[in-house]
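S.K.: Using the sequences and the hints given, assemble the complete structure.
Protein chains in written order, with the working numbering: chain A, 1 to 313; chain B, 1 to 313.
Hints listed in this document are in silico derivations from the structure and should not be mistaken for laboratory results.
In this text the structure is predicted, and so the values were computed from the model without any measurement.
Do not rely on the hints blindly, as some may be mistaken.
Which copy? The list can't say, so a pair holds if one copy fits it or any two copies do.
To be verified - Listed below are the simulated DSSO-like cross-link pairs for lysine-lysine, each with C-alpha atoms no more than 30 angstroms apart in a straight line:
1. LYS171 to LYS199
2. LYS252 to LYS193
3. LYS193 to LYS290
4. LYS59 to LYS290
2 protein chains.
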Amino acid sequence: MTARRVLNPVQRVAIFGGTHGNELSGVFLVNHWLKHGEEIARPGIEVRPFITNPGAVEKCVRYVDTDLNRVFDSENLRNENNLNLSYEVKRAQYINSIFGPKGSEDAYDVILDLHNTTSHMGATLILEDSKDDFTIQMFNYIKTSMAPLACSVLLIEHPRLKYATTRSIAKHPIGVEVGPQPQGVLRADVLDKMRRIIKHALDFINYFNDGKEFLPCILEVFKVLDNVAYPRNANGDCTAIIHNNLQDQDWKELKPGDPMFLTLDGRMIAYEGDCIVYPTFINEAAYYEKNQAFTTTQKMTLCAQAIRCTEPK
Amino acid sequence: MTARRVLNPVQRVAIFGGTHGNELSGVFLVNHWLKHGEEIARPGIEVRPFITNPGAVEKCVRYVDTDLNRVFDSENLRNENNLNLSYEVKRAQYINSIFGPKGSEDAYDVILDLHNTTSHMGATLILEDSKDDFTIQMFNYIKTSMAPLACSVLLIEHPRLKYATTRSIAKHPIGVEVGPQPQGVLRADVLDKMRRIIKHALDFINYFNDGKEFLPCILEVFKVLDNVAYPRNANGDCTAIIHNNLQDQDWKELKPGDPMFLTLDGRMIAYEGDCIVYPTFINEAAYYEKNQAFTTTQKMTLCAQAIRCTEPK
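M.R.: Structure representation (C-alpha cells):
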C-alpha cells in the first residue's frame, strides 16, 4: 500500500485580485464576486474575494510605491517604523494581519492570487513549494479539468531568487497567471480562462473536504532557472529587443544557438547556454524595469502522495 | 488633360516619438535615429527626430498631467498663464515654437508622429484632412510599398470629434499607429512595420522633391463615425467587456445584430446600429479612461489630383 497524507479540511480560502493594479482580469473578477458571491461559494468553506492593492487599482498602475508582490518577507512584515513605510509595505502588514500571520497556524489555508502577463503564457499556475502535495494534487486536478486547453505549472522554488509574494502568507499559496493581455486591458478569452481555473480550484477543495481521496499523481512543471537581462550599452540603454523567433514562444524549447535578441542594426544575438531551456515571461512589460527579458526554466516531473481529509463532513 | 497640383518642395520633416511615453516603438526608433541619423537622412531635406514628451517617456506612462496629443488647440497654444499650465500644455507650446507655429508658413512641412496601440490595427496611417492631396499621394505610395502587408488609413476628419494632435502643427500631419503592442513593451514585428512606413514616407518625399510626378490616385480610407462606450451601471462601473467575436477584429465589418459586448453573467450585447460599420481601436488600453470601447468607421474612397514639385532640384 502506498503512503497517503491525511490533511486537515480546508476552512478558509482567499481570492486576491489587484495585487498589481493594472492586471485587470483579477480586479474585474474579484469586484464581481464581492457583489455576486454565489459563483465562488462552496459548502462549509469561507471563500473571501479581496482587492489587495486598492491604491494601485485606483490609478491602474502596477504599484504605488513598490511591488506589493515582493514585500512579504519577515523584515517588511515586522517593520514598525510606520512613518517611513511605503504604501505597499503598510498594505502588506494589513493583509498579513487579516489572512496571516505568515507561517502561523492562523494563516488562511489557501490563497489564489490572480495575475495577468503580457507574455504568451496562456493559463499558468505558479507553485512555490515542490513538497506541497495538496497544491500539486490541486494543480493536477485543474490541468486535467482544463484539458484540452494547456495549463502550465511554473515552480518558483529557487536557491537564490526569492519572491516574498502576497499569497505566500497562506499555507498553500497559489499564483494564477494568465496571458497575453496588455496592462490596463480586459480580454474576454483571458478572463474566461482565469475564471475556469478558479472554478476548478474551488471544486477540488470541495471534493477534498467531502472526503474524496486523490491518488498519487505526477505533475510536469517548469522550474525557474534564471532571469535573462536585456543587452545594454555603457550608458545603460537597452540595445536589443526580443527576437521575432522567440517572441510569443513561452514554454517552447530554446536551444543553444537559437535567436534570442535583435539589435536595431539587424544583428541577431543567439542563446549561448549549454542546454535546452524553456523560456517564460518573455517580453513581460513589468519586467523592463527589472531588466528581465525572460526567465529560463527546466522541465521536471513532481510526484505527489495520495491525499485525504482527516474529517470528511 | 487632368488637373495637377504644383506644390513647393518639402524642406523640413520631423519624426516624433514618445508623444505617449509608454508607446515604445516610436521612443526606441527616435532615440536610435538621434544617434544614428543616416537611416532617415535624405538629400536636401532636414529630417529631425524628436522626443515630444520626455517626462512621460521617463516614467513610461502615457502622459504626466494630460494627453499631449489632444492639447494642440489655439486656446492651449496661446495660454500665457504659465503658473497653472500642465506639463503637457507647456510642452505643447515649446513644441509649437520649434515646429510651428501651427497654421503658419513657418510650420514644418511634414510631421510623422509615431504611436502604438493595444488594438489589432496592424500598420495604420492617420489622415487629418481629406483634401490634402500631398498626404493622400504619400499614403498611396506607402500602402503600395508595404503590400502585400495590409496598411490601413484612418481619416479622423469629423464634424464633432476634434483631436488637436501634436502633429497638427505641420502643414501635412501624419499619424503612424502600429499594433497590437502592449503599453511598455517593444515587439520586433511592430518595430519593423513602423520602421518600414518611415522609410517609404521619406522615400516618397525624396522622389517628390526630385521632380517625380505622382499621377491621380484613389485611396480607400476608414472615416471616423463615432466612439462606442462601455456599458456601465448606475454606479459608473463597467458591466461588460468586448465580446470574443469582436476582439482583434479591427477593420472587419460589424453588422447590426453582431456580438459587441459580454457581461460577466454571460449575456451578449449586440451591435444595434442601422448599417455596417468597420470598428477600430477595439479594446485600446488608453481609452478605458475615456470610456471608449471602440471607434466605428465607414469605408470611403478619396481621390487625389496629380502632384508635382515646383522646382525640381
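S.K.: Take the hints in turn and mark each one as holding or not.
M.R.: Here's how the hints hold up against the structure:
1. LYS171 to LYS199: within (20 angstroms within a copy, 57 angstroms between copies)
2. LYS252 to LYS193: Answer is both; intra-copy 20 angstroms and inter-copy 26 angstroms each pass.
3. LYS193 to LYS290: Result: close both inside a copy and across copies, 28 angstroms intra and 27 angstroms inter.
4. LYS59 to LYS290: both (21 angstroms within a copy, 14 angstroms between copies)
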